[in-house]
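Asker: According to the numbering used here, the stretch in the sequence shown is residues 1 to 102, in order.
Derived by calculation from the structure, the hints in this document are not laboratory data. Any given hint could turn out to be false.
As the list claims (entries may be wrong) - DSS-like, lysine-lysine: derived pairs with alpha carbons at most 30 Å apart:
(1) K52 x K19
(2) K8 x K64
(3) K64 x K19
(4) K32 x K19
(5) K11 x K51
(6) K11 x K64
(7) K52 x K11
(8) K19 x K34
(9) K51 x K25
(10) K64 x K25
(11) K51 x K19
(12) K8 x K19
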Amino acid sequence: MCENYIFKLDKRYTPFLFKAIEAAKNSEFVSKCKYDINNFYISFSNHITIKKEIRYYTIRFYSKEITQDNWMDVGVGGIEIDDINVDINVDTGEVIYVYGSR
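Throw the hints in and build the complete structure from the sequences for me.
Answerer: What follows is the structure in structure tokens.
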């Protein structure tokens, strides 16, 4: 097995990633704000959020890389980052919500 991966994603998460990419590309952030998510960084934690008995993953798209060294500089007066967040129901795989931080 090759160990030279850019990244490796367990196959159970693949449908969530594809749905999130499609939802982000079809969002008003791309059409109105002209975000080019083809050049965005992706963050996908396996953390499950639960609200109103709905379990979901949040997949985030960022215009700039967020690291341990710069995350405190993000925001007003610091590093400006465009982002799109996509919440996807863990049980049904359906997109619940697409939103930005601002």
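Asker: Could you run down the list of hints and mark each one as holding or not?
Answerer: A quick look at each hint next to the structure:
1. K52 x K19: 22 Å, holds
2. K8 x K64: 21 Å, holds
3. K64 x K19: 22 Å, holds
4. K32 x K19: The given pair, whose Cα atoms are some 20 Å apart, holds under the 30 Å limit.
5. K11 x K51: 25 Å, holds
6. K11 x K64: Satisfied, since the Cα-Cα distance of roughly 26 Å is no more than 30 Å.
7. K52 x K11: The given pair, whose Cα atoms are some 28 Å apart, holds under the 30 Å limit.
8. K19 x K34: 20 Å, holds
9. K51 x K25: Status holds; Cα separation ~25 Å.
10. K64 x K25: 17 Å, holds
11. K51 x K19: 20 Å, holds
12. K8 x K19: 18 Å, holds
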